[in-house]
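Residue strings, one per chain:
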Amino acid sequence: MSVFGDELRPSSTPSRMRPHGNLLVLRLAVLVLFGVLVVRLVDMQIVKGDEYARRSRNNHIVATNILPARGLIYARGGEPLVENAGVYAATLIPEFLPDEPDARYRIYVWLEDTLGVPALDSQTRVAAAEKNSRPGQAIVMKSHLSREEALMLEEASTDMPGLSLRIVPGRNYIGGDAFAHVLGYIGPQTAEEARLLRDEGYAFNEPVGKAGIESRYESALRGEIGFSANEQDAYGNLLNVLMTRESTPGNSLRLSIDLDLQQYVAELLEDSLGDANTAAAVVMSPRTGEVYALVSVPTYDNNLFGDLERRQEEYEALATDDKRHPLLNQALTESAPGSTFKLVTAAAALEEGNITPATGLNVTSTVLEFKGENGVIYPLYDWRAHGYINLVDAIAWSSNHYFYMASCGIQNGGKGLGRNTEESAVILGYYARAFGLGQKTGIDLDAGEMSGIIPSPEYKRRVHSGPEFNPEDREWYYADTCFMGIGQQDVTATPLQIARMTAAIANGGRLLTPHVVSEILGPNGAVLRAMQPEYTDVAVDPAHLEVIRRGMRSSVAAGAGAKAAQPGLDIAGKTGTAEFGPEKADGKREQHAWFTGFAPYTDPEVVVTVYFDLGVGGDKAAPVAGQIFRYFEDHVKP
Amino acid sequence: MTLGYAVRTRTFAFRGWDRFDYLLLLTSAMLVVYGLVLIHSASSTTYDGPLTSFANPVARQALFAIISLGIMFAISQVDYHHLTHYAWYLYIAGILSLIAVLVFGTEAYGSTRWFDLGIIQVQPSEFAKLATILLLARFFSEHGGDARELRALVVSLVIVVPAALLVFIEPDLGTSVVFAAIWLGVVVIAGVNRGHLLLLGAAALAVLPFAWTFALEDYQVERISVLVNPDESPLDAGYNVIQSQIAVGSGQVFGKGLMNGEQTQLRYLKVPTKDFIFSVLGEELGFAGALALFLLFIVLLLRIIRAAQIAGDTAGQLIAVGIAMLILMQAFINIAVNLSIFPVTGIPLPFLSQGGSSLMSMFIALGIVQSVIIRHRAYRQT
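If you read the protein sequences in the order shown, they are chains U and F.
Once you know that position 426 of the first sequence is 426 in this note's numbering, the rest is easy, because the numbers rise by one and skip nothing.
Once you know that position 248 of the second sequence is 1248 in this note's numbering, the rest is easy, because the numbers rise by one and skip nothing.
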């Protein structure tokens, strides 16, 4: 009966009925193998457990930065000059793309159909990223999407893993091209910047100010970055927020620059350019140093820096325009100041006492001859025979001969500033520096401000020290001091420096630090900090400045600066026509046109400095300055 | 045959109930329940339907377990000599199925190991392992099958090598190793000459470098080398290694608690209900949970070795030894993979990993062991 019992046994009867194997070996094998596992577990879970626990937390907790809203910038009247605008970009993260080629290709085709990114392009760039084992980094396939495109992308990305919409904080400058040089722009961090900024707690994708106010006031505008710690699963889905620290928006700035004035001056300069390539104007307060307008022409649209991908050509055209240098801020760029420098010479001579307000000179000829150190007779020119003039007349009519007398001294006209030619130059340099020339003004802009040059015998020796110069090139000659006295030789200054110098004359000797930001405002609009006037005193007798002011008033009333006159306005000013560059065929040289002045004559409240790279000061710069005074009086005057 | 025995068989449908190893049954059932708990935890993020639905991996696994238990009881009723009697046929069928799977099988994770039969995936190597054990047992228990002779040893190798090679081609390195371990266990217990064994071991060592160069696929070499430095390619080959290390290591002594393992619940672990189920255990139940598991396995294995001890004949003994080696090596390799001391290879954890095919083959094996126990020496002597 027993089917599963005995009858089968004979066929498979073993040779040895008694099993003879030693099963202890097998039992030991069991214990040894599990012993190995236990040892390994002790090592992993008990010895290194804390380390793995930490790695487990890092594995799934990701910190996301919350970028702060950048502070805004307002013009003097509270008009916004900039708004924050996110730049929408379509990105692909290869790691999250589907594995199946068909599903991937569907995403590429969507990109091509909707955003015009060639599918082949997407494929190549994703493949390249995967090859470089960077599958986790987002590839920007297209930036600056329109709002509609961004919305479509946002919608489509829900069922297209790996495709996502990224919003990069950006700026939209709405004050017009006139503000380009002042405001500057923001942009992504460069590799070098990133290293430094990381220590300051910057996120890698956080843009920073690159120029102008955006750069100088970066720390005020930026705000404080926030972050959120999120729990993330292995597929990159955020599950829940563990901890959040909100970002603090940046502080806003109120400028001293007047929106309408800035735009008016920019248009005025542009319209008055004529033969000139570039122009600049500074309108500032001689009381506080506040800058009402700081204009550089030609200007450009600073929004292009936020959109370089599309506007690269435009940018390169600007960057390679060697004639007009649109990216340079001409108001902070140095050039020969010409006769505007005579104001410094006048102050120096009065202070040194080698002339008095009453000192006269009879200029009967436009040529004044002098015997050079080598015994040769050279001519010194004036632009006209002024007749008998005193200091006030000399300023009014911008006599060269009179200021040669005041600086280097002339025969029959008294000695110069010092005991000899070199000392005269050094003394003149000292006064120039006292009026802020030859050094940066310290204006609160990162705009490549130049310091200008105030030459000296030592300076000449240094710059002519190369082997290409003859020993006599390094000598400081009598004529050097003379030409320095009328703002030529190697003297250079920026329009802003000339405006600042003018302000010091107008206000009786206070050398103000110009500034364009007047208030820092908190996010709620409260004033956190109001800029106070900063100044140093110019060691010049106010009475002497009074004489100079009279000369300037006379210049506009009935002198070289007459074209600056405006009915009903008591304007005082000084023209400048500075020669520069090599002599042309007709023996003349190119000229910069300058006018610097203030108004009203009594109790001045505004300084205007106008500069054209080509032109005659009295003809080109003076009328423009007059119109600016007029506009200020009618529309801006506080 | 005594009258008493005949009476008993008539009285009870389940014969041999008094000799049946209930402890073995209990530990295997506890292992399955342990597995169900872990599968429940590991699948909670991917499945949130009703508990009793057939789509629920826990319910499916439980159903497979019940079916498997039934099969185990049925097989325990079959005299294992029937199985050894037909061992050659079973073996040939096993080899044919291994060839067939290479031709018609379903490819997954880069290797061809399964037949897809709709609701269940069948892995023929599971069957082939049992067939090989049966054939080895029969061979060494017959005349001329004396393991002390080199000739018999070589014949036994000829039995094992085709099956091991076929799974190696799939490729399934882990199962090849299991085959080798089964053979080693059986020949050692069958009384192999130590010198012969050393000779074969030396030959194997000599072949190893060539195997590394020619026989191993690139991905296998990579899987072995990531053990040395998993951080080298954290997203590709090293991914599973790193994630399972982090999971197990971060479990520490008492684990993070069931359903609380971040590595598991946030899906950093791949195939957490199958090959990496031990990582889930390590993370959520910690060192303590792992020791409990080891204890269950050790009890189970020692009970199977006990079966070998008390087996009525050499065939029964060697069957029990082969099955002990099978379960021991599968468990060891699977856990070793989870602990990054063995290259990643698709060996499920016996009784715990989700998958009907593996579970069923394990209970078939236990059924055979029970069959050996029911017909043990002491009983035969009565």
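If you're looking for bench data, these hints aren't it; they were derived computationally from the structure.
You may find that some hints are simply not true.
No farther apart than 20 Å at their CA atoms in a straight line, the calculated lysine to aspartate or glutamate pairs in the EDC-like style are these [as the list claims (entries may be wrong)]:
hint, chain 1, residue 1, chain 2, residue 2
1, F, Lys1270, U, Glu231
2, F, Lys1270, U, Glu95
3, F, Lys1270, U, Asp446
4, U, Lys637, U, Asp446
5, U, Lys131, F, Asp1146
6, F, Lys1270, F, Glu1222
7, U, Lys210, U, Glu458
Covered stretches of chain U (in silico footprint by chain F; criterion: 3 or more residues with CB under 8 Å from a CB of chain F, positions within the stretch not fixed) [unchecked claim]:
hint, stretch
8, 30-44
9, 50-57
Where a beta carbon is used, it is the ideal one built from N, C-alpha and C, also for glycine.
Between Lys1270 (chain F) and Asp446 (chain U), does the CA-CA distance stay at or below 20 Å?
With a Cα-Cα distance of about 54 Å, the restraint between Lys1270 (chain F) and Asp446 (chain U) is violated, given a limit of 20 Å.
Take a quick look at whether Lys1270 (chain F) and Glu1222 (chain F) sit within 20 Å of each other, Cα to Cα.
Satisfied, since the Cα-Cα distance of roughly 18 Å is no more than 20 Å.
In terms of beta carbon proximity below 8 Å, does the stretch 50-57 of chain U have 3 or more residues touching chain F?
Answer holds; 7 residues pass the 8 Å Cβ test.
Using C-beta distances, would you say chain F covers the stretch 30-44 of chain U, given that this needs three or more residues below 8 Å?
Three-residue rule met by the stretch 30-44 of chain U, so holds; n is 11.
Would the hint linking Lys131 (chain U) and Asp1146 (chain F) be met if the CA-CA limit is 20 Å?
Since the Cα atoms of Lys131 (chain U) and Asp1146 (chain F) sit roughly 58 Å apart, the hinted pair is violated (cutoff 20 Å).
Given pair status - Asp446 (chain U), Lys637 (chain U), alpha carbons within 20 Å
violated (28 Å)
Given pair status - Glu458 (chain U), Lys210 (chain U), alpha carbons within 20 Å:
Given pair Lys210 (chain U), Glu458 (chain U) is violated - Cα atoms ~37 Å apart, limit 20 Å.
Just to be careful, I want the Cα atoms of Lys1270 (chain F) and Glu95 (chain U) compared with a cutoff of 20 Å; is the pair within it?
Distance ~16 Å between Lys1270 (chain F) and Glu95 (chain U) Cα, so the pair holds.
Between the alpha carbons of Lys1270 (chain F) and Glu231 (chain U), is the straight-line distance 20 Å or under?
It holds: about 18 Å lies between the C-alpha atoms, which stays within 20 Å.
Taken one by one, the earlier hints fail for this structure at numbers 3, 4, 5 and 7, listed in ascending order.
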